[in-house]
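Visitor: Okay, here's what each chain looks like letter by letter:
2 protein chains.
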Amino acid sequence: MIILHHLRIGRSVFTAWLIEELGLEYEAKIYVRNEMGRAPPELKGAHPLGKSPVIEHDGMTLAESGAIATYLIDLFDAENTLAPPRSDVKARAVWNQWLAYSEASAFAPFLFKLLLSREQQPHPPVISAFASGEVALQLGYIRDQLGDRPFILGDRFQAPDVGLTYILSMARRLNELDGHPTLGAYLDRNLARPAFQRAFARTGG
Amino acid sequence: MIILHHLRIGRSVFTAWLIEELGLEYEAKIYVRNEMGRAPPELKGAHPLGKSPVIEHDGMTLAESGAIATYLIDLFDAENTLAPPRSDVKARAVWNQWLAYSEASAFAPFLFKLLLSREQQPHPPVISAFASGEVALQLGYIRDQLGDRPFILGDRFQAPDVGLTYILSMARRLNELDGHPTLGAYLDRNLARPAFQRAFARTGG
Chain A
117 MIILHHLRIG RSVFTAWLIE ELGLEYEAKI YVRNEMGRAP PELKGAHPLG
167 KSPVIEHDGM TLAESGAIAT YLIDLFDAEN TLAPPRSDVK ARAVWNQWLA
217 YSEASAFAPF LFKLLLSREQ QPHPPVISAF ASGEVALQLG YIRDQLGDRP
267 FILGDRFQAP DVGLTYILSM ARRLNELDGH PTLGAYLDRN LARPAFQRAF
317 ARTGG
Chain B
117 MIILHHLRIG RSVFTAWLIE ELGLEYEAKI YVRNEMGRAP PELKGAHPLG
167 KSPVIEHDGM TLAESGAIAT YLIDLFDAEN TLAPPRSDVK ARAVWNQWLA
217 YSEASAFAPF LFKLLLSREQ QPHPPVISAF ASGEVALQLG YIRDQLGDRP
267 FILGDRFQAP DVGLTYILSM ARRLNELDGH PTLGAYLDRN LARPAFQRAF
317 ARTGG
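As they're listed, the protein sequences go chains A and B.
Per the numbering used here, residue 117 is the first one in the first sequence, and the count goes up by one each step.
Per the numbering used here, residue 117 is the first one in the second sequence, and the count goes up by one each step.
Among the hints, a few may not be true.
Same chains, same names: a pair is fine if it fits in one copy or spans any two.
[Stated by the list, open to error] Below, simulated PhoX-like cross-link-like pairs (lysine-lysine); rule was C-alpha separation at most 25 Å, straight line:
(1) K160 to K206
(2) K206 to K167
(3) K145 to K160
(4) K145 to K167
(5) K145 to K206
No lab work stands behind these hints: they were computed from the structure.
Please build the complete structure, drawing on both the sequences and the hints.
Guide: Spelled out as structure tokens, the structure:
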């Protein structure tokens, strides 16, 4: 049995979604943020960083969304629905690049924007310029890669679409998707998947 | 032949180091930042994000440090010196978690600190509090995982040590390592490796 430590509301609904796409059983342990938006201290009992997603499976505790996705796919995606087969080293490398991307290059600029939106004072010029430039750059990159394809790697939904949905959800909340109709449509397409809907209903988002 | 697009000074010296640890031939194409610290536009010819590291190999272009590391190890580390064998799914998952960590959870707080240090004006309270709290949290996490072992996963140097060296180099530059002697010693141990020294001499850092 997989245990998913889930902090509402946040990134781990996307891990629940991946688990639902794989059709696996899991138990969601749900934690709720305090009035400051911080995770409760009990989450540190699951993992020293006190964040989520974290999974427990077969005696192991694992953090980092991409590592969790890779582990679950290695174990349970025997038919290669969410990733190319390991034997196709190049396809797997591109897949891995896009899996890493939403946590690596893409994430920090959107986090900056989110925190900037919470500042009362005038915005710090260095950080504001960095965040605006990077958000535009990253959204253009995703838009160009997507083109007119339904999913980021082509016709088929795969694990990197999960992480990109997280990034684009942040972008929409920050009103950064208005000039990107193809990204908005892609986000809607992903959020409408039955597995996402089940994950959302199960975890509360 | 591997081509490494290398922006001086930055993260890609760590990819050069990984290539040196694997004993591979490579050509380093070197780009220099402008007086504002930004990458030159020519780097966009290598990859649309205009960042580095980016590698070209066998007709493929690949970005994201962790994805590049995994690709090179899949192809060239037949003796499993820098990663556990793929057949050991659990050990590989933990390795993957630590490989992802230095680009995912760990990176943004240090980037915030770096940009904050460049602001002329008084620091924005939300971002400053976030960055300070997160930097302390991440350094404590790495320190506890390291314990008194020589490398992050035990007795043997592996690929996740490369990314952590990048994070701890940033931490040292930001004067955040003073209270962490074991992390300072770990950083020095990694930077003293002949493969890092060769990469530094070859790329200019």
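Visitor: Hint by hint, note whether the structure agrees.
Guide: Going down the list of hints, with the structure as the test:
Proximity of K160 to K206 under the C-alpha cut-off of 25 Å is restricted to the inter-copy arrangement: shortest distance 22 Å between copies versus 38 Å within a copy. Taking identical chains as interchangeable, the C-alpha atoms of K206 and K167 lie at most 25 Å apart only when they sit on different chains, with a minimum of 21 Å there against 32 Å within one chain. Taking the closest pair of Cα atoms, K145 and K160 come within 25 Å of each other only inside a single copy of the chain (13 Å); across copies the shortest separation is 44 Å, beyond that limit. Taking the closest pair of Cα atoms, K145 and K167 come within 25 Å of each other only inside a single copy of the chain (13 Å); across copies the shortest separation is 39 Å, beyond that limit.
In the homo-oligomer, the alpha carbons of K145 and K206 lie at most 25 Å apart only across protomers (22 Å), although the nearest pairing inside one protomer, at 37 Å, exceeds that limit.
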